[in-house]
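A.B. asks: The primary structure of each chain is shown beneath.
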Amino acid sequence: MKPAAFIRHVPRTLDEALKILAQVAPHDGRVLAGGQSLVPIMAFRLAKPAHLVDINEIEGLDKIVSDGKTLSIGACVRHGAFHKSVVDNPLGKLLSFVARHIAHYPIRMRGTYCGSLAHADPASEWCLTAATLDAVMVAKSMRGERLIPASEYFEGIMATALTEDELLTQARLPLLAGDTKFGFNEFNRRAGDFALASSLVTYRLQGGKIIEARVGVGGAEPSPRRILEAEAALNGQTPGEVVFRTAAVAAASAIDALEDHQTSAAYRRDLVRAVVRRALEKSST
Amino acid sequence: MTAHTKGSGLKWVGRAIRRLEDPALVTGRGHFTADLLATHWVRFVRSAVAAGKITGIGAPKDAMVVTAADLKGVKKITPLLHKFNYRPVGQPILADSVVRFVGEPIAAVVGLSEEAAEDIADLVDVAIDETAPLTDAREALRPRAPQIHSEAPGNVILEGRHKTPDFDAAWKRAAKIVKLDARSHRQNATPMEARAGHAAYDVSTGRITLTCTTQMPHLMRTAIADVLGMPESDLRVIAPDVGGGFGQKMSLCAEYVVLVWLARKLKSSVAWTEDRRENLIASFHSRDQYITLEGAFDKNAKLIALRADIVANIGAYSCFPTTAGMEPLMAMAEMPGPYDVQQYECLARGVLTNTCTMAAYRGVSRPVITFTLERLMDKAASAFALDPIDIRRRNLIGKFPYTSAMGLVYDEASYKETLEMAVKAIGLPAFRIRQKAARAKGRHLGIGFATFSERTGYGSPAFAARGMDITPGWETVIVTVDPSGFVEARIGSSPHGQGLRTTLAQIIADEIGVTPDVIKVVHGDTDTSPYGWGTFASRSLVISGGASLIAAQKLRIKLIKIASHMLEAAVGDIVLENGMAKVAGTDRSISIAKMAREAYTQTHRFKGEIEPGLTETGTYDPPGTFSNACHVAIVEVDVETGRVTVEKFLVAEDAGKIINPMIAAGQVHGGIAQGIGNALLEEIIYDESGGILTANLADYMPPTAHEIPEIELHHTETPSTNSITKAKGLGEGGCIGAPAAIVNAINDALSPFGVQIDEIPATPQRIRAALRQAEKTA
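Listed in order, the protein sequences are those of chains A and B.
Quick note: the first sequence, position 81, residue 81 per my numbering, numbers continuous.
Quick note: the second sequence, position 458, residue 458 per my numbering, numbers continuous.
Please keep in mind that the hints were generated in silico from the structure rather than gathered at the bench.
Coverage of chain B stretches by chain A, computed from C-beta distances (three or more under 8 Å per stretch; other residues unrestricted):
{"#": "1", "segment": "113-123"}
{"#": "2", "segment": "273-283"}
{"#": "3", "segment": "640-653"}
{"#": "4", "segment": "701-707"}
Listed next, the in silico DSSO-like pairs over lysine-lysine satisfying Cα-Cα at most 27 Å (straight line):
{"#": "5", "chain 1": "B", "residue 1": "Lys11", "chain 2": "B", "residue 2": "Lys726"}
{"#": "6", "chain 1": "A", "residue 1": "Lys2", "chain 2": "B", "residue 2": "Lys265"}
{"#": "7", "chain 1": "A", "residue 1": "Lys181", "chain 2": "A", "residue 2": "Lys69"}
{"#": "8", "chain 1": "B", "residue 1": "Lys436", "chain 2": "A", "residue 2": "Lys282"}
{"#": "9", "chain 1": "B", "residue 1": "Lys61", "chain 2": "A", "residue 2": "Lys48"}
{"#": "10", "chain 1": "A", "residue 1": "Lys2", "chain 2": "B", "residue 2": "Lys61"}
{"#": "11", "chain 1": "A", "residue 1": "Lys282", "chain 2": "B", "residue 2": "Lys441"}
{"#": "12", "chain 1": "A", "residue 1": "Lys2", "chain 2": "B", "residue 2": "Lys267"}
Even glycine gets a Cβ: it sits at the ideal position worked out from N, Cα and C.
Next comes chain A alone, as it looks inside the complex (with noise of 0.2 Å):
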């Protein structure tokens, strides 16, 4: 269990890890960060990387910073920077809650949340935080700069609409409002496993009834996403046990579940729906 040979380059600069990446990305060159994913990956030798360019020396790409509006998290925010809140907003003990579910310790403080993103393990609660709060994903190049909305940026188990020469260098998190209520939940065999499903949501309240409701659901299609049916469940309703097991079984009838030897689909909609309805009550109490 021993990678096949790579050249691992080192940049002191953005600019310097870009030009890198150009140079070596059609010689199958990859990002190296946290190395949580990918360095498993390569000990199995189901990715054989020539090049790793090692962002981890360039200064700046570990800051978390809110203007107010957006949090936005570089491309080294380690999962454990998030064990204590970032922010003075619900996103912060909302990302904090969220962390402490990402596989075990020693792991949470190398793995990145952009690593993750990068990554797109369909299991991941970094996408599923990235795709319930419709984050924005800044990705650089020599060729320039694009920001993807998460609505395009996850296109299925492990693929995004990153390109090869294209590092993630943020994700931008829109800050909540300061009466957002949220809740996760997720399912797992064992503590720290991947979650075969994973559920977020977030809702405000407007007159005792829920209002702005977002209900994310991962690990069990492809990618993690927003379910727009269990939502229009919950818009316009008082928070309680039957909306919420109503909002549930919306989204476990509207996913088009993975399955695998273990995993029926059937399975994975009974998870979804458990995972929902505990996310839900979590954020009413």
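Could you slot chain B onto chain A? The hints should help.
C.D. replies: Coordinates of chain B only, in the frame set by chain A:
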């Protein structure tokens, strides 16, 4: 040394002293095989195909790639069993024209580093004409199924049959017949350290030293020398610190044979470290069984006859030395478990398939048969409207010695007593109240019981009954007091986590009146330890412990003789304690160190009455003894997701005299952790093409600390008359009882839904599927 081993007037046996082996291990100073450097590194090219004919092997130019064609004169691994219609099949060291499972080694590639070897291996091109694989034992039994080995028609490698003379009459008398179809899926023992080997050639002597992660270094030497046709004295096998074995490291693996062959050929050192993927696909598997079990009960719910049909998927080859009979024959012999049932009919078959070879895993068949039998007892309890405790009370063995329907003789044990201890300790009435209250709130708690016997510490007569060509059993221990007064015990067992360096020292310390910390237990090197069978089958504390006691008793007699000589006192007046020999009732004494020096350097003073030196040997070959326990699991089943959480686990255990309670508790805890994996999580899954879908530890799921609940342990001691230390083995009990207790608890929790789970692991997918089915029919 450590203060915790000091003390006077107390016996060392029975005390929870800390493990003498731990300081090195917990500070990173252990020696493991993969720490060794080598000149050459090996990577095995393994079959990506489950069944087929090799039509060509293309290797890069100038690369050293060894295939079956190079291994001329090397014998196949062909273990033998002289009973049960056993069909000997041979396993070529490297696949020779035919591949029989995904992961089978086809070629060994040699490089100057692990990376280089893996690079070359990637370039080796193996062409295989694929044929349809068989991965399921029932499929392999179908008429006209493809033949895995021509020597074994119908893919049946062995067939055990047993029927007691009055079986049919008892069956007819039954008030109720209770039937169960149980399924245990396939597992991997998953030691933390996977396999590793290092073979080094000595230019001066031409000898090879093979360092490897084995549980039985002596038998590895015998087996490898046999296969390669070399003098055994030219091979030294060392088992250094071994990071867990659990049975997976007691079989001969072809890879080690290749390493020794290469070291001789290259006259150099070669090393191989298995990666986790290889371990999961190509090391040994276990527990893949179908059992149909029927119990005939009289009107008082007394089990009067038992009928079992056991189908064990033994994989592509037969493991050496225990053979493919290991699982099916143990299932057949021990199926009646702790229950008094004198009529028994059994058909046990070992079935060849295109899967990784079956070998031992902690508990061997007993986690499966205990799960099956304990499910049957719970089903029978429902059929008679009894509670699970009541039906066990009516059926557990209570009189000893007890001879089973298979002719096994059970020594004194406490099946009924441990059940009562467990019932009392768990607080059953209070649990039932809590369960009812929780159900009213939509939470589903369940309690499950498992009572079982654990056959341990058996010697050569017990193994001989299986008809194995290799009949293990006895152990030898050589205890020496050296001229400095320190003690060395050389043992044939090969501990790898069991704490024998401590427990054997406790046994010896009490006999010769020293503290355990002056005793070094030496093991795991065929050059320095006496021939022995290694460590497996919950045997070492009983058998090496007994041999240690015999050797230490002899040494005690000699020390007393020397003391009597040096102190000029009668032999009967000498007392050995605290490193001294004393004359009782006087202040005259002499240190053991001084006596030891005399025994080597002043032997002329003994005037020929005492032999020089201070070394004694003990060999022990016991009949075997049965430990027993009652396990209780309390679980919560999340009926929405199928998740099972083990809330509490309680054990009432009887392993005879406990030498070190802390080490005993550790064995039980570790076993239960593996049992939880067995019950809920761990499963090797083959797809239709014979590929393995669970080739990493994200997909193959041993439990983590998060999944292990609080474990409450109660002990009672029924000293064994079949063990001279009075100790029984307990290495496997934890994983034998846990799956049964947990699955019974799941079924108890799900009783309102009318579903039955008789399959392990009881995954959330399976539980939800059963609940969905029940929702549909409701």
